[in-house]
Amino acid sequence: MSRPADWTPLAAADPVPGDPAEVARVGRQFQQVADQIGADVSWLRSLCTARFWDSGAGLAFHQRVDAAAAELAQTHDRYLAAALALGGGLSGPGYASALAAAQSLSLRALAQAQRAWPVMRAQLAAIHGSAPSASTAAVTFLTAQPRLDSSGDPVPAVAPAGAGPRVRAAVSLYNASAREYRTANHWLAEAIALRDEAAARAAALIQAAVGADGVKEHAQT
Amino acid sequence: MDGRLMADLGRIWQVSGRLSWVEREFSGASQFSGASQFADGDGAFLGSGELALALDACVTGRSQQRDALIARLSSVARLSALAASSYEKTDAQLGAVLAKAMGLP
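Residue numbers (my numbering), protein chains in the order written: chain F, 1 to 221; chain D, 222 to 326.
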């Protein structure tokens, strides 16, 4: 599923990129490889019986096969860990479904933010347009942007003392939309956190399998 | 040797063929064997650099162990083919000797 290209006003680019369906497809591939390796391990171990090859040469062969089967079994565990970490579908456990959920939440956030933002700008323009300094009102009307704090949440507007009912109404409408925008911004933060936590969990699961599988490459070099 | 000799030649022959798939997997012929395939941009679909690095470590890391495993698998496959052909050759030679001794054509 393609993602929107325009993430303004919430973000400059897609804050939760990725393709959950492709992640799930790769997860299923890892599972297939793990299954195949598992079958090969079982088959190799089935060779290590006297019924298969009972002789001096057979014994020596069994030892080689046993060693190869043990190494393959470790590899099987790594591929299986990758399969479980990624997941094979868009529901159930695994990173693929978490990424799908995070993207869905981010889309909801974007839709709400894009609804709220023009309303905020329009009310802001109305507030400034009613300001006493009429000489700059036209310019302000075109360029007024809602102020955001360091978290990206809109700063609430405050009606100046002695403001008329039109300004007060515009401030009220502005703040209502700002609350919607704030909620959208929090949904987006939640989506990013959901993705980050799921990615960290998946990476840890894979790293544990890689670490348990003998000495790590980096430790050798 | 204790005097017994029993070998399932059919299965010994199968070993090299059966292991060929596994060898290909670890030799770079399959979809998961390219170097840094996830972290070098092809893993953009993951949406996480941390996860891409972990997958790369899982699939392409530990190249020395991977090479050792490939060598071991090749060795097992080669040994099995050698053993099966040697058994067959020995059996054919023994058959020929016995046939000659018995005066068979």
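For the record, the hints were derived by calculation from the structure and aren't laboratory data. For each residue, glycine too, the CB sits at the ideal point set by N, CA and C. Mixed in with the good hints, there may be bad ones.
Pulled from the structure, derived: some chain D residues nowhere near chain F, Cβ distances all over 10 Å [stated by the list, open to error]: (1) A228; (2) A265; (3) G268; (4) E271; (5) L274; (6) L300; (7) S306; (8) A313; (9) Q314; (10) A320; (11) K321; (12) G324; (13) L325.
Listed below are several chain D residues computed to face chain F (Cβ distance under 10 Å; list not exhaustive) [said to hold, decoys possible]: (14) I233; (15) R239; (16) A273; (17) A304; (18) M323.
Outcome of the hint check:
1. With 10 Å as the threshold on Cβ separation, the claim that A228(D) sits away from chain F is violated: the shortest Cβ distance comes to roughly 5 Å.
2. With 10 Å as the threshold on Cβ separation, the claim that A265(D) sits away from chain F is violated: the shortest Cβ distance comes to roughly 7 Å.
3. Residue placement check: G268(D) does not keep its beta carbon more than 10 Å from all beta carbons of chain F (closest about 2 Å).
4. Non-interface call for E271(D) relative to chain F: violated, since the shortest CB-CB distance, roughly 5 Å, does not exceed 10 Å.
5. Here L274(D) does not stay apart from chain F, with its beta-carbon only about 7 Å from theirs, under the 10 Å limit.
6. Distance check for L300(D) against chain F: the nearest CB is about 6 Å away, which does not clear 10 Å, and the non-interface claim fails.
7. For S306(D), the requirement that its beta carbon stay farther than 10 Å from each beta carbon of chain F is met, with the minimum near 13 Å.
8. No beta-carbon of chain F comes within 10 Å of the beta-carbon of A313(D); the shortest separation is about 18 Å.
9. Residue-level check passed: Q314(D) sits 17 Å from the nearest beta carbon of chain F, beyond 10 Å.
10. With a cut of 10 Å on Cβ distances, A320(D) stays outside the contact zone with chain F, its closest approach being about 24 Å.
11. Interface exclusion of K321(D) from chain F stands, the closest Cβ pair being 26 Å apart, more than 10 Å.
12. With a closest Cβ-Cβ approach of about 31 Å to chain F, G324(D) is found to remain outside the 10 Å limit, as its non-interface label requires.
13. Every Cβ of chain F is farther than 10 Å from the Cβ of L325(D); the closest lies at roughly 28 Å, confirming the non-interface assignment.
14. Hint on I233(D) holds. Least Cβ distance to chain F is approximately 7 Å, under the 10 Å limit.
15. Interface restraint check: R239(D) against chain F, minimum CB-CB distance 6 Å, threshold 10 Å, status holds.
16. Hint status for A273(D): holds, given a least beta-carbon distance of 9 Å to chain F, under 10 Å.
17. Against a cut-off of 10 Å between C-beta atoms, the interface hint on A304(D) holds, since the closest Cβ of chain F lies about 6 Å away.
18. Hint status for M323(D): violated, given a least beta-carbon distance of 26 Å to chain F, over 10 Å.
Of the numbered hints listed earlier, those contradicted by the structure are 1, 2, 3, 4, 5, 6, 18.
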